[in-house]
Amino acid sequence: MLMVCAVNSISAQTFDISSGGQPTITGALGGSVTGSASVQNDLVVTINFGEVSPANTNSVVKVVVPVAVRSLLPYRVSVSLAGLGNANPQGLQSSDIGFGVANMRAMGNQSQICTQSSHIFYPPFNNDPASTATIAASGRVAYQSSLSNIAGATVILSGPRLQKTPNLTRQQTDGYIFDAIFTITPQYFATGTTSATLTFTISAGPIVPC
Amino acid sequence: MNTKTTRVITRALLFPTLLLVFAASASAQAQLTGTVNMSATVSKFVEIYSGGAITLTGNSGGGVGTDGVANSPLAAAINLGELGPSNTNSFVKASVPLKLRSNANYVLSMNATVASTGSTSDKVGSADVGFGLGTAVRAGTGVNTGGADTNATSGDPTLAGNGAVNGVSGRYEYTAANSNLSAFSSSTTALSGVRIMNAVPRTNTNGLAVPAIFSVKPQFYEDGSTTVSVTFTVSAP
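In the order they appear, the protein sequences are chains R and X.
So the mapping is simple: this note's numbering equals the position in the first sequence, first residue as 1, plus 3.
So the mapping is simple: this note's numbering equals the position in the second sequence, first residue as 1, plus 1249.
Just so you know, the hints here were simulated from the structure itself, not pulled from any lab data.
Glycine residues also receive a C-beta, built at the ideal position from the N, C-alpha and C atoms.
Keep in mind that a hint or two might mislead.
Derived coverage of chain R by chain X (criterion: at least 3 residues anywhere in the stretch with Cβ under 8 Å from a Cβ of chain X; other residues may be distant) [to be verified]:
(1) 103-114
(2) 177-183
Every beta carbon over 10 Å from chain X, so not counted as near; a handful from chain R, in silico [to be verified]:
(3) Thr-118
(4) Asp-131
(5) Thr-196
Build out the structure end to end from the sequences listed, making use of the hints.
Next up, the structure:
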């Protein structure tokens, strides 16, 4: 009975995902982003990109969502997408929303520093889509990675354990934070409104040494 | 069982019970998923720009004061020059390139005013200024080339079929539908069509190109000066 309790205890706190700080938005016309600034709160973010027709004269609408992750074992982070079914090919498609991850950084002195393995952002997502956007032959903006690269649960990040010791509650210094970056370039999209939900999931990852 | 044995069992049960409570506490804190909800809006968008340099022909002493510059706001100024019989050309003709872009069906309207200093019906009037839109061309990367456009004018006003000398008055008249500025004394549709642009950014400078053609046939008008003011407006109904 003691053994069972111990296993349950470790399993329950081995992986955790939360807000990594205040999300930010730039280049928006009538847009906004809401989410908790505290790394001790759940990751629940709402992005309104606002107007993305040419009426928005900014070159790009960019949202940076910090995501905090904690683990006592090697981990992986995957994402899955729901929504964005636009039948009109000139309407906003999943390929029109750039999506990348970058800037892994330790939260503080309780973060585990591993020297034998790295935290790996998986291609093609390892980029800032605002910096890698190009114009396709059709004239439409294309990204190195976008929401169209998400099929089912798609792994975007993995690595060694993230925190030194178990904690009963989230601390402000006991994990890592990375940035999830979303972009839309205002274009002559067909009119309408579009919505989608992206779910981040942390789970056991490839076994790697620390 | 004696008292000592009972205490040992009690302690043995209490410890895992505490661990269970601990585990439950940790489980309540850990979260394996997070969500990002996204939304965006695309509203109707239309715009009109100059399509390039203006062409002026058949003029005597006229010229283009403020020329059109491709992809810049349309703000042209044209001096048609002499419109009396001393100008022996058959027409003074100005062709003003327009460029339209939209992500929705569009309507191009025009409103014109003509003011002359003369005091008789022989002065230059709005019916004496021919007008029409030439062929609308959808071309280039990012343009919805399959889209259709409807020209509500009769095209180049100098075409033979668009005007003739009035057999009674002897005055040259633009007789085809919407072929002179009297038909545009209030905002009137000149061109309409389906969305012009595919999903491309505004930095793409292609679009729908169409020339707006104005003409005056030199005649024995009452002497004086004439000012013609034309405003184009594109909208997405």
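To see whether the hints hold, each was checked on the structure:
1. Coverage of a stretch by a chain is defined here by at least three residues with a beta carbon nearer than 8 Å to that chain's beta carbons; for the stretch 103-114 of chain R and chain X the count is 0, and the condition is violated.
2. Here the stretch 177-183 of chain R counts 1 residues with a CB under 8 Å from a CB of chain X, which misses the bar of 3, and the coverage is violated.
3. With 10 Å as the threshold on Cβ separation, the claim that Thr-118 (chain R) sits away from chain X holds: the shortest Cβ distance comes to roughly 26 Å.
4. Under the 10 Å C-beta cut-off, the non-interface status given to Asp-131 (chain R) relative to chain X holds; the minimum distance is some 17 Å.
5. Its beta-carbon lying about 5 Å from the closest one in chain X, Thr-196 (chain R) breaks the requirement of being farther than 10 Å from that chain.
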